[in-house]
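What follows is the residue order along each chain.
Number of protein chains: 2
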Amino acid sequence: MRELEALKLLYRRLSVGDDCAIIPFENANLVFTTDMLHQATDFPRGTTAYTIGWRTAAVSLSDIAAMGGQPLGLLVALGAPEFERHFLEELLEGLENCCTSVKAKLLGGDLDHHQELTLVSTGLGIAARPVPRSGAKPGEAVCVTGALGRTAVALRLFEAGQIERANELFCFPPRVPEGLALGEHASSMIDISDGLARSLYQLAEASGAGFEIEYDKLPILLQVEELTQRRKDQQEMVLHTGEDFELLFTLPQGRLKDAQKSCEFTVIGHVLKERNVQLRLNEDLQELEDRGYQH
Amino acid sequence: MRELEALKLLYRRLSVGDDCAIIPFENANLVFTTDMLHQATDFPRGTTAYTIGWRTAAVSLSDIAAMGGQPLGLLVALGAPEFERHFLEELLEGLENCCTSVKAKLLGGDLDHHQELTLVSTGLGIAARPVPRSGAKPGEAVCVTGALGRTAVALRLFEAGQIERANELFCFPPRVPEGLALGEHASSMIDISDGLARSLYQLAEASGAGFEIEYDKLPILLQVEELTQRRKDQQEMVLHTGEDFELLFTLPQGRLKDAQKSCEFTVIGHVLKERNVQLRLNEDLQELEDRGYQH
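Residue numbers (this note's numbering), protein chains in the order written: chain Z, 1 to 295; chain X, 1001 to 1295.
Just so you know, nobody snuck in bad clues.
Computed beta-carbon distance windows for the label pairs:
| id | chain 1 | residue 1 | chain 2 | residue 2 | range |
| --- | --- | --- | --- | --- | --- |
| 1 | X | 1027 | Z | 138 | 37 to 45 Å |
| 2 | Z | 85 | X | 1281 | 32 to 40 Å |
| 3 | Z | 253 | X | 1263 | 54 to 62 Å |
| 4 | X | 1284 | Z | 93 | 44 to 52 Å |
| 5 | Z | 137 | X | 1081 | 39 to 47 Å |
The set of hints was computed from the structure by calculation and includes no laboratory data.
Bear in mind that the values here come from a model prediction, so they are computed numbers and not experimental data.
We put the CB at the ideal spot given by N, CA and C, even for glycine.
Extracted from the complex, chain Z is given alone in its bound form:
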């Protein structure tokens, strides 16, 4: 069974369809998420222990951001073939700095011998009004925070041996302040963890709606254009390479102005009634390929 089919089976059985599970608790909602990362697919050669720590924390913190939540704390399970003091200290510093950057606390973890370096972070947060994936409505604006292409550029820099710049880009900021600001306004939200295209399809499926996206409106990381002038190449990096960890969300048109006052983002299209995802590119309207980043 492929990972996607297996995930669908799990989702059906667990009735999970959001970036976090939601636990109503007293007058609030706890949001709760876990992510597994490992050497072979998540950390290219050249990734520092600090970056591994940062990224391990950031993926779960990003999921909490995507629910409009404030992270409270993080646990990390670490499996490694050996435990080298310097490595552990750097890793901890990355974990802690990333948590601190969004006012979360690294609370503890577990340690295990493992053939392959494997890290699992679990984040707990609180959301006044958790934003689901399922709320997009026809006519609403489709928006994205930051700029696209971050991980795509980093991967190419790792390959090219530009390790320092690659590590910097790999330490992405979890969009917690933006998520909190948007929590009041957004009708649906997700973090881009498998590429813009895949995330659009996930929002579309959960909401029972579709999207029309304008390629020329996409905020693209400067380094994408520095790396390659070939449009096809750029499109691949921006639409399908994924792991940008920016927030993708929909907003009722009436909320646009207030939302724009609360944080920075770009409007990239609008919600359609039909359940498909269209991309406007060079005046052509074509179906966007549902192809994402395969870890």
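Place chain X on chain Z using the hints.
The following block gives chain X in isolation, referenced to the frame of chain Z:
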């Protein structure tokens, strides 16, 4: 660096010294714990997918029990070389049944391709008054729930090909009702995850105290004596093989009667002022070896 030293480094840096991290939240305390299990060291040949699921949930639920907490929900990250539908369904059933047995909910998870079967469960619970490892005081009673030797017996049955009985024993009940009942009374508590001896030393270190334990008072699983009549062999299974997941705790003498009304347990010794662990065996008092179950 050995796992123990690395854990100490992590503990110092993270100020963690309990079965769960504690997050004060409104008028309650959230308790939060994560555990990594994997094929090579945690699941002997013959372990069914159901048992793998049960045990994955149970280790985290047991940590919450050891804080005197009620589990709310569980997340599970699963790394596997392939995702086979029957395996996943059995695994989910084990996870869900274990959660349901203690009124917890399986809330979701993450899925990843991985060379080695690897599972990480993270439990979230709530405790009115979290019981630490650090509260044991001289003169108090040392107690344990259930009977010792469960995992030791199961491991031998797996080796002997008695797979069905081994799987049954491997699906241990997380002592949540006992933990909740004892939460009101116990001064310190831990779950036995690395053998009675190791857990005693962990309590002793956290509390700055010691213990005198009487071997003849230890509650021993019937099957231990069925398996072997050799005393040395039995002692190894009961004291050092570990992973019994029973609760080990201390009680002020004045609380003993009330605690005994609230749940079943056995008094096995008393707390000493001196920081060591003594075992009374055949009228000899000897230092108990600080040797645990190495995963």
